[in-house]
Every structure is written in structure tokens, then in C-alpha cells.
Amino acid sequence: MSVTETKTSLPFRATDLSVALQGNLILENINLQITPGTTVALCGENGSGKSTLVRAAVGLNPVTSGSLEIFGARPGEKHYAKALAKVGYVPQRKSALGTVPATALEVVRSGLLRRGRIGPKRSDRERARQALTKVGLAGSENKKFQFMSGGQQQRVLIARALVRDPEFLIMDEPLAGIDRQSAKSLAATIAEAKTAGKTMLIVLHEHGSLAPLIDRTITLVSGQIASDNPREARSPLPEAEGKE
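Residues 1 to 244 (our numbering) make up the sequence shown, in order.
Simulated from the structure, these hints should not be mistaken for lab results.
Treat the hints with care, as some may be off.
Claimed, not checked - PhoX-like cross-link-like pairs, simulated, lysine-lysine; straight-line CA separation at most 25 Å:
| id | residue 1 | residue 2 |
| --- | --- | --- |
| 1 | K184 | K143 |
| 2 | K82 | K144 |
| 3 | K144 | K184 |
| 4 | K121 | K143 |
| 5 | K121 | K134 |
| 6 | K121 | K144 |
| 7 | K121 | K86 |
| 8 | K134 | K144 |
| 9 | K86 | K134 |
| 10 | K184 | K134 |
Claimed, not checked - Now the in silico label distances, taken between C-beta atoms and shown as ranges:
| id | residue 1 | residue 2 | range |
| --- | --- | --- | --- |
| 11 | P101 | H205 | 36 to 46 Å |
| 12 | G66 | K144 | 37 to 47 Å |
| 13 | Q224 | R122 | 30 to 40 Å |
Computed from a predicted structure; not experimentally measured.
Glycine residues also receive a C-beta, built at the ideal position from the N, C-alpha and C atoms.
Start from the sequences and build out the full structure, keeping to the hints where you can.
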């Protein structure tokens, strides 16, 4: 395999990446590569730059200096949109939808936006239903998102990311604000994505119920990588049974 082929196959590559927001330097000289099929935890205290990094990865925060590539394409380049279509992004739940009175099915269908509008095809609804089933929420299509439990909301957001069958999943604090049982159910959903070969970058304060799934842990301190350690699975992957 050539150097070019290796480079373009990487889901994520940051080289001397720095990001400043409102004049404040949040990330400084980040060098990070993520290989296909791995599950990477991005850890650190509040304000360490975790969310800034993943938002930069999906084009929501501008790159100040250095470079950031998704499947070999940089923000602003011709092929970046095509590369980004391979990514499923799960934002922080508290900032995802607020109090918008959408149903679970409508939320998931929003992941199928095409040029600013959802396709009218019946197949879109079926794909959304299948995505909800995949995360253990079959029969929840008409539930209002704002009235679902924290764990259910998180899995709806994961279903929205999965509905396009992305190669790379980026999740920002999926364990935040959910109880232990919901965390176990969420871990089972993420385990299924791992088994399917998805590459994942997951922002976490601590590994918690996701510990058996993590291949590698990156720790940020004050906007810089403080450590980068492999982390072997300590127990079998969570099973899909028991989803709420």
C-alpha cells in the first residue's frame, strides 16, 4: 500500500493542529492519527479542549493552524463534504435539540438530510425505523424526544448518526447525565457498532461502562495531548440484551 493510500484511508489525522475560539487558544499543536476499526476515548477535565477537537473534526470549529483531515480531506477542500458523509456525529445531548417537539423517528430521519431537506421516499422512514431498532428502541418511533429518558435520548442521537451507515462515529460525552442502567444499555449499542467494524472517537470524563470497548485513550490537558495509551479490553463486550 502506498503512502498516499495509507494517508487517505485514515478516518482522522491531525498534524500540528491548533484551534482558537474568540481569540482564545483552545487546542495547541495536536498530533493524532486514528486507524480504521479502533475505538478511541478522548478524556480530560472540563475546558481541556475535548469538545473543541471533535467539533473541529466535523467542521463546526475552524482550524487556526496546522491541518485536520477526515479520510484524507481537509475542511474547505473539494472532497471534504464527501469525506464527511462517512462520519456520524453524536453531539452532547444537552445541546442537540433542546425542547424541539420532534418524535424519535423525526430526529433519526434528520440524519438523512439531503441538500437541506429530508428525502420524501418511504425508504427513508424505513431506514430510520431500522436504525431505532438497531439501538434497541423498536416501537418508540412516535415518542416525543424531549420526554424520553436521558439514555433513550442518547440512543436516538446515535441512531440518527447510524442511519446513513457511517464508517466513523464521533460521540461527544454520550454517558453524561444518564443513570447506570442506561449507561449499560448504551454500552451495548456502542458494542454492536464496534463489532460491525466502526471506527469511533468518544469524548468521556471516565471510561465507565465503556471501558471494555476502549482500544486507546487520549488525555488532553490545557489543550494539549498529555498522554496516549493503549487500553486492552478487560472483559467481554456488553451484550445487546437488556436495552431499555
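Results for each hint:
1. Our distance criterion of 25 Å between C-alpha atoms is met by K184 and K143, whose separation comes to about 22 Å.
2. Taken as a hint, the K82 and K144 pair is broken in the structure, with Cα atoms around 32 Å apart against an allowance of 25 Å.
3. Only pairs whose Cα atoms come within 25 Å are accepted, and K144 paired with K184 is accepted, the gap being roughly 23 Å.
4. As the CA atoms of K121 and K143 are separated by approximately 22 Å, the hinted pair is consistent with the 25 Å bound.
5. Proximity of K121 to K134 is assessed by CA-CA distance (about 21 Å); at most 25 Å being required, the pair is judged to hold.
6. A hinted pair counts as satisfied when its Cα atoms are at most 25 Å apart, and K121 with K144 qualifies at roughly 22 Å.
7. For a cut-off of 25 Å, the pair hint linking K121 to K86 stands: about 21 Å separates their Cα positions.
8. The straight-line distance between the Cα atoms of K134 and K144 is roughly 19 Å, inside the 25 Å bound, and the hint therefore holds.
9. Restraint check for K86 and K134: satisfied, since their Cα atoms lie roughly 19 Å apart, inside the 25 Å limit.
10. This hinted pair checks out: K184 and K134 have alpha carbons roughly 15 Å apart, not beyond 25 Å.
11. Taking the beta carbon of each, P101 and H205 are about 30 Å apart, not inside 36 to 46 Å as hinted.
12. With their beta carbons about 43 Å apart, G66 and K144 fall inside the hinted range of 37 to 47 Å.
13. The hinted range of 30 to 40 Å is not satisfied by Q224 and R122, whose Cβ atoms lie roughly 49 Å apart.
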